[in-house]
Amino acid sequence: MELLIFYPLAGFCVLMGLGVIISSSPINSALSLIAMMMGLAGVFVLQQAHFLAILQIIVYAGAIMVLFMFVIMLLNLKSAEEDTWSIRPQNTYVSVLTGFLALGALYKIACVISQAKLDSPAAVPDDFGTVVRVGTTLFTDFVLPFEVASILLLAAMVGAVVLAKNKID
Amino acid sequence: MEHIPAPAIDFISLAPALILSVFGMLVLLMDLFAGKNKNLLVFASLVGLVLAGVSAFAPKALPVVSFGGSYVVDHLSVFFTLIFVFSSALTILLSIEYNPRNGIRAGEYYALILFCTVGMILLASATDLIMIFLGIEVVSICLYVLAGIKRGDVKSNEAALKYFLLGAFATGFLVYGMTLLYGATGTTKLAGIAEVIHSGQTNSDTLLLLGTVLLIIGFGFKVASVPFHMWAPDVYEGAPSPVTAFMAVGPKAAALVAFYRVFATAIPEIGTTWDTLLMVVAVATMVIGNFGAIVQTNIKRLLAYSSISHVGYLLIAIIARNSLGGSAIAYYMMAYAFMIFGTFGIVILLGEKNSENLEIKNYAGLGVKQPAIALCMTVFMLSLGGMPPFAGFIAKFYIFGAAIKEGYVVLVVIAVLNSVVSLYYYLKIVVLMYMKDSERELELSMGPITLAVVAIAVFGTIEMGLFPDPILQLTQ
Amino acid sequence: MFVDFLITLVKILFIFGVTVGFFAPVLTWVERKQSAIMQDRIGANRADILGFTAFGLFHIIADALKMFTKEDFIPRGANKALHTLSPIVALIPALITFAVIPFGGVYTLFGKEVNLVISDLDVGLLFIFAVASIATYGYVIAGWSSNNNWSLLGSIRVAAQMISYEVTMGLTIIGILMVYGTMRLTEIGAIQEDFWRWGIFLQPVGFFLFFAASIAENKRIPFDAPEAESELVAGYFTEYSGLKFGMFFMAEFVEMVTIGAIVTLLFFGGWNLPFVTMDGILSMFDFLGETGANIIALLIHVGVFFAKVCFFIFFQMIVRWTLPRFRYDQIMKLGWKILLPLSLANILITGAVILALE
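Chains as they are written, first to last, in numbering that gives the first Met the number 0: chain A, 0 to 168; chain B, 0 to 475; chain C, 0 to 357.
Any given hint could be a false lead.
[Claimed, not checked] The calculated label-pair distances, taken between Cβ atoms and stated as ranges, are:
(1) Thr-272(B) x Lys-79(C): 51 to 57 Å
(2) Ala-163(A) x Gly-400(B): 45 to 51 Å
(3) Gly-350(C) x Met-24(B): 16 to 22 Å
(4) Thr-139(A) x Glu-230(C): 49 to 55 Å
[Stated by the list, open to error] Restricting the straight-line Cα-Cα distance to at most 25 Å, the calculated cross-link-like pairs of lysine-lysine (BS3-like) are:
(5) Lys-164(A) x Lys-35(B)
(6) Lys-164(A) x Lys-154(B)
(7) Lys-332(C) x Lys-164(A)
Everything labelled a hint here was simulated from the structure, so no lab data went into it. Small disclaimer: the values here were computed from a predicted structure and weren't measured. Beta carbons are placed, not taken as given, at the ideal position from N, Cα and C, and that holds for glycine.
Construct all of the structure, not just a fragment, from the sequences and the given hints.
See below:
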């Protein structure tokens, strides 16, 4: 039953992921990315991680991607008229080579994962993935990373303001 | 309503990071009211750094493990905290006179340096993959911004953008490696990973290896080792000189200590599988770094390549994966801090009003025009080249000692040969300074604070070379 | 199993019927009628069937006929697929929100517990927020795909405005979360059986912030800069006609209902009457038997809930016809410089009070 939902969902994610890199217009890429995020949120739900799924939608699909769209529209980007990457012929060789290497690595990983003696799925505790459980974990076991993340965000925010500010007094 | 039990927070272990975070925010707030004069900010930042340095000694009996094994304060981390605090303080001192002349007016500059130091301190103490990731990100994000803080300068912008794009890409590798490691062992704690590997209960050995390779890529980028070094010369050249010096010392040391902790404490047991790879990386780093440096005409690019080659030596200490390696890295980075800050102090001193005057050929005749400065430069160059009796020699000596103890003789021989090659371009500068006539005026463009930094650096370089024992004892 | 399925189906049909079937069309009429009254006009009384006008209610039918029969026009150079997709993306989130909004409590009917919510999510409060943020894309894509500068400007304004006010909204939700200690909307409703624990008493500032932010999210006056007809023709839906335009139109009205429902649920006791508890109702109608009493309670609660919702829809309309439009930069300033700090202060004070009371 679960697999019946998982495979279409995962397939959808992969398809949309391909859409991100294949489509030539930036807005289509962004939309595919949004769709992929939603699909991913669906996968999280299947894994009983409801809270994570909702956060995925709010943070990525709802906030970050809106800003993406905002920027794309503000700059009024049309499809890339000239493929600058393919101007230099040697780039093509490099691309092909890298592609094959990546394919090989992925194949290897797939082999490994299909052979790995993974734990049989353990019984999921009732409160797994709930807000209370996630919150408790975050504020007890992972309180230090949680607080450090706030420093990280503060620094990033300050940095963005410094670089984007109109004029510096 | 359910209540979450308050977690035990070891404030004493965290003290340096906490103090610096508070001071970072304080500096941000003060910037609102400070107006154009940033001296107050500088003062506050320095006070914060000193307090942080002092508080690093607060924990009584080392090592202290806290936060369920994800944070540790041991001799290594305390010593690295000192390196970070010291290098940040020197950076700020170098910036006092440099920033106003080069159009860097943002008060956030100082806050970002403090936040970056927080990240480095956390990184030195982190024994959990999540903490390591967060620490690296704090450091990197501050650096991306600091590299591009000269907003009117095209090179500075290029440096920031290049660093950011490549850095984000490398972080991806790092995180993916960490997830694979987690998938293979089921824990993110370094001690836990070592335990799982020791008991042979990994989910998949190949997964573990893949994770290790990806980690090498990620860390390799952060410490600028070949073949992930391409960003370094451009970024070092474009970033403001004090920031370049900072990048070459603090963040690099932080990434190295995390690199060391992961490879020497979490996965040393599968060391025979990754040490070949790391050896190739180390040799390539040394060779390309040194030969790359020979052809440079820009002093900052030359120092960038030289810094790459130094990473090659430092990687040897990680390959040795013994406690001697850890303290050798610590000693090396301390010595390196003195040499680099001294060199960059001189580079800044010789900057001109409208250009930074970075061409090496412009240094010709320095020995006649500014004998004292030329002498200092000679000390730094000889020390960087690893000549006795300066700090650089002792530092290399300990690294090689750690490697020989584990039987990596060939590696050490290659490293020594590389050291000899490196002498060529270091001495080239010395020769230029003394043997050539100058074609231009060589005026010192900065004031007493920059000079003081150079003086401190000279003192440190010689002191650490002549009397290495007290410092070395701190690292063990 | 089958009964559960049936119950859920009934609930879905009920919600769908109420929002799309009743509220959305009737509100178009109410809005006209109300504006007419407020502006001292007669208004909306021309459509008639054999001379009967029924207070202008036939306008609803006339509107519907017009939208169904109008040409569906896609401008040249527009992105056809996206142009068609966007009204759908705009309307669906407004409807989906109702999946987690409880419109009544839990009742025992014929020995079976019936919870008057379609899906009782653990993260219900966040779900609303997430879905609301998705709606943005409908409007953003609409302007982009129309190949019209006015539309594009409208879209850019939508994106900026919705992002800005989502921040305030999210922070207000944190305040609510702090006082109720749960994100499950049924629990939030149940807690408010106690009149003095209604949200308006616990989070008075939160209510105003939330209400203002939600009107801004719905892009209605005074926050209608994205569709400002005097500046941008009609903003993001300039190039829409026929049923697609109707969907945008409907989305706005459905969203008004949604806002009314959420505000009712979070701040005004949901389905509860002040000082009247569920047990009180049950014991009063004890003589009808268990199921009978429960049915009475259900009817009262659902009635109360929708009465409150109607009030808040009415309130939104009053705001609409009272205030002038804010200038675009004023909207941004209000969002980032006034509402955002206020909502942060709200969290701080809420936390301090909770700590002090413990």
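Tested hints:
1. Taking the beta carbon of each, Thr-272(B) and Lys-79(C) are about 56 Å apart, inside 51 to 57 Å as hinted.
2. Take Ala-163(A) and Gly-400(B): their Cβ atoms lie about 49 Å apart, and the range 45 to 51 Å holds.
3. The beta-carbon spacing between Gly-350(C) and Met-24(B), approximately 19 Å, falls within the hinted interval of 16 to 22 Å.
4. For the pair Thr-139(A) and Glu-230(C), the beta carbons lie near 53 Å from each other, so the given range of 49 to 55 Å is met.
5. At most 25 Å may separate the alpha-carbon atoms for a hinted pair to count; Lys-164(A) and Lys-35(B) meet this at roughly 16 Å.
6. Proximity of Lys-164(A) to Lys-154(B) is assessed by CA-CA distance (about 19 Å); at most 25 Å being required, the pair is judged to hold.
7. Between Lys-332(C) and Lys-164(A) the alpha-carbon distance is near 17 Å, which keeps this suggested pair within the 25 Å criterion.
Hint check: no violations occur; every hint is consistent with the structure.
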